[in-house]
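Mind docking chains Z and W on chain G? Use the hints.
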Amino acid sequence: MGYKETFTLHWTEFWDYETPKVVVVKNRTLGIIYRIIQLLIILYFVIYVFIIQKAYQERESAPESSVITKMKGIGISNSSMGIKIWDVAEYVNPPEGRDVFSITVRTITTPFQRLHTCPESANVPGSKCTSDLDCMAGEMELLGNGRKTGRCVTHHDSLKTCEIQAWCPVENEHSKRDSILTRAQNFTIFIKNSIHFPRFEFTKGNIQKNRHQEYLKKCTFDEETNVYCPIFPLSLIIEKAGQSFDNLSQTGGILGVIINWNCDLDKAASECKPHYSFRRLDAASQDTKASLGYNFRHAKHYMENGTEYRTLIKVFGIRIDIIVHGEAGKFDIVPTIINIAAALTSIGIGSFLCDWILLTFMNKNEVYSAKKFEEVLKERIILAVNEHGASEQELRAIQPENCKHC
Amino acid sequence: MGYKETFTLHWTEFWDYETPKVVVVKNRTLGIIYRIIQLLIILYFVIYVFIIQKAYQERESAPESSVITKMKGIGISNSSMGIKIWDVAEYVNPPEGRDVFSITVRTITTPFQRLHTCPESANVPGSKCTSDLDCMAGEMELLGNGRKTGRCVTHHDSLKTCEIQAWCPVENEHSKRDSILTRAQNFTIFIKNSIHFPRFEFTKGNIQKNRHQEYLKKCTFDEETNVYCPIFPLSLIIEKAGQSFDNLSQTGGILGVIINWNCDLDKAASECKPHYSFRRLDAASQDTKASLGYNFRHAKHYMENGTEYRTLIKVFGIRIDIIVHGEAGKFDIVPTIINIAAALTSIGIGSFLCDWILLTFMNKNEVYSAKKFEEVLKERIILAVNEHGASEQELRAIQPENCKHC
Amino acid sequence: MGYKETFTLHWTEFWDYETPKVVVVKNRTLGIIYRIIQLLIILYFVIYVFIIQKAYQERESAPESSVITKMKGIGISNSSMGIKIWDVAEYVNPPEGRDVFSITVRTITTPFQRLHTCPESANVPGSKCTSDLDCMAGEMELLGNGRKTGRCVTHHDSLKTCEIQAWCPVENEHSKRDSILTRAQNFTIFIKNSIHFPRFEFTKGNIQKNRHQEYLKKCTFDEETNVYCPIFPLSLIIEKAGQSFDNLSQTGGILGVIINWNCDLDKAASECKPHYSFRRLDAASQDTKASLGYNFRHAKHYMENGTEYRTLIKVFGIRIDIIVHGEAGKFDIVPTIINIAAALTSIGIGSFLCDWILLTFMNKNEVYSAKKFEEVLKERIILAVNEHGASEQELRAIQPENCKHC
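Protein chains in written order, with the numbering used here: chain G, 196 to 601; chain Z, 196 to 601; chain W, 196 to 601.
Pulled out of the complex, with its shape left as it was, chain G reads as follows (with noise of 0.2 Å):
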């Protein structure tokens, strides 16, 4: 044949249909077995992959995701520096109404700080002293508030420290002590989250559109009446963490008030609700108490007749880490087909059980062995031209030797 006759063998060729030869076998207890396999995968495959997983979905996580916070509620303390009122503006800090803040519930204060000598806290390590000698001059301590002048200075009655240059007095047992207990419970926290999914080009907030103004300034949250009016009062927020207020105005912490979207873009878009949930954050990973609780230190500064002093204010706050975590799903052909190619593919290990069923287990797996398999032998098929006369072409009609077990 020329390459001209090849070609057009094969492109008439090409223009014929083929498809795979079926032994069907019937048998009644196999075409159940086969059938029933058959079932449990298309089950499995609509119910679990298809209807719970949600497997024809495109996802994204990770959405962009902006926080707006704002607080309400007056607090009112009372120590030996008398009552004071805090407002806003004294227990937020920092005050811009980000995502993450802390309310100050307790607070040590040590006012006119400023650069001078004076003897180190009893409580920093290896402040203590008998004389000079233990007190190397130009030494700082990690953990210590300044530089060792080299004295063995009287801390007070009969306890000796090493003198340091630092901002003094330091931090000590006589620093003014100040919590703010009343109503901080009542405390209100206005979250406003906006959401936006690039992928899906979808955007939502956690306020509801069309609602009257005035519902904003007397609703609270709710999860089953309210969703949509992110109010918290901060005892809601305490208890759905499983603390108590006054364990954490003591220590301090940091409760996370994590926001969810899950959304299920093939449904409306007032589906796509935000969940709550509440955990305290700073307790997360360990048993032993260690480090936990949540304080800073800060300084606010002032001169006074050309002197700068500070007031050095340790705050035991609650801060409050707002964490959106958003995942959106919406049908997409990618992930459908490749989904139902594994789902078809799967079927097939069906065909491969009972495959072997009838060549095992059958009362005749010989007789059905025979049907689907075909033998090729090249020697047998010259036997059997030899033995029967007949013609090559006539041999590969008949096909004489097919059986496999034989």
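Hints were generated in silico from the structure; no laboratory data involved.
A virtual CB, placed ideally from N, CA and C, is assigned to each residue, including glycine.
Taking beta-carbon pairs under 7 Å as the criterion, some of the chain G residues facing chain W (in silico): (1) Tyr229; (2) Ala250; (3) Val295.
Just chains Z and W now, kept in the frame of chain G:
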């Protein structure tokens, strides 16, 4: 057969090559249908799944991101307190140059507050009174400024409100108002962003390498010509977010600068460019004007003659949230194989359809059916043996009864 | 046939088991090729896809993360303003212990600024002048410090600059410079991080449970021995980021501490460990030195005799960005099935290749071809009926013409 023979037999069979027997239907119509279906499926996968959806790529979203911001510009305000110059240290809050910061555009200042007693603001619900009986001593309103002393005092003229213990005087209509108007629109914001995709170990920033040092001092962002110059006039951000400065300077607001990195890492790294978009975030979730705008209160404390004073400032600001979002894709063998497998399986759907046409609609469907299906029935085989006196082995070879529909 | 009979027939057929007819080619060479191809594909899937790539796992990236930081250490500086002790409240900014904070290493302080008029800094472009004509009253330079009054005044010696209305005196070469050098490298940073993968409901922190309470007070991070002790000396972070403290203390800079959680949740939870890496972030995107470094200005305000003063501080700091990144994988049936299906389909590619070898290169390819392919041609069947006088049904059984290439 003993175990050894069985094993030898199976071992020999293991090296046989098995291939499905195929029925070739020489029907041009069916062949064309079959090939067209195959072609459509292949085209769909090649064009949509592989070229458009880039299904051959492993994808990573949520890159590590670091944002540095720096503002430039001088504003000026003229109020009852006199002319005030606003430089960066005055209007940017917090000053550290993070991804979220606010630009003060309007302030309501209440200076010289100290802990004292004074009449409550008339704007607070429940503050107005006619006699001491209206003011319960010790009560604190959630939206109020302090704790009621129990007395009803004159606010101004004939208006009486409950006296409170608070930071006095409270913020009211006499507080000083100030607006930076001049030139605030011309402030520029420099945004440095670098991202890192850990899975692909790919790092990129929004500033081009090898640029002349002076470039960043003079350029202005332009999506077409200067995409690597991340210096944004505030007016540009406001305009692109569809807002007006006049409006924002009254109520404040939150503007999102969204930096989107959509990187095809199979291409050159220089093809991975940041895309900037701008959106107002505080209005996203609502049509009503409830809680639109952005403001917060903060206080500056100072001492004078041993008394602690504070200046309370209500800041209306334009808060800028830099939101970084990114997705990178790179060729990976696992998704490629999964998608090719899905494609091959899908091509099988063509066969399924053509088989159905073949067996249902074709003129000679019984002929085709007989060729495609080969029945195995125990009873028929036994019957055949009796009638023809042939051995079972021969029967298997001849396959006399493979008519499916008779 | 009526509808009932048709239905009965199809119902009976539904319970038949259908299995593809297979041609067994007893050719050792082809069998070996076939099995080797299968083996390679299976090995590839088992080793690469399943063991290395863990394709049987459902993956979740971007966990919820909460970071708490706390610094320890005392620094000291000695400048024209005298010796200054820097404690945590002085050098950490902002103090709240978030994931981003800066450590002051150098300051340029301009004290006693008040709103007034003074000569513009000579460093501002366009500030130098020779006469009042060079200074347009009311003009404000973007990079300047205030609004021009229209007068040209002496800056110092013979240098003249435009007079401006600003916070005066402006920051210039006379501002006081101060550097914390002593011991700043030995500051330690305690980083507490807890993550939560919501899909797997898995929470973990970077501090080990059940440790003795004193452990965290004395330990130092070490990747080998103390991976659960997240106390990092600043010097360690600087060194691991490939930087030098001397360099950073001049220009400031931003260092990223990247915590990477790569968790295989099929293993024990204790196997899910944090991995720390360190990188300089402000230099990531550039070779040039443009805008390298990190500094910001902030102001402390105070009142003296009714006049508002401020101290402007330009802070060069080492900003630490704690970036948390994580990915968790857990066995899930959906990706497992998809990948097994892809594997099975891929094994089919082996058949495809062997069929092609069989039909093209093998010695007796026409024999094999005849066995594999069975043609159906309407004309041939009719012809056959005429020649042999056989019934159509018998013909179907005998299948005389199944040679494809003859």
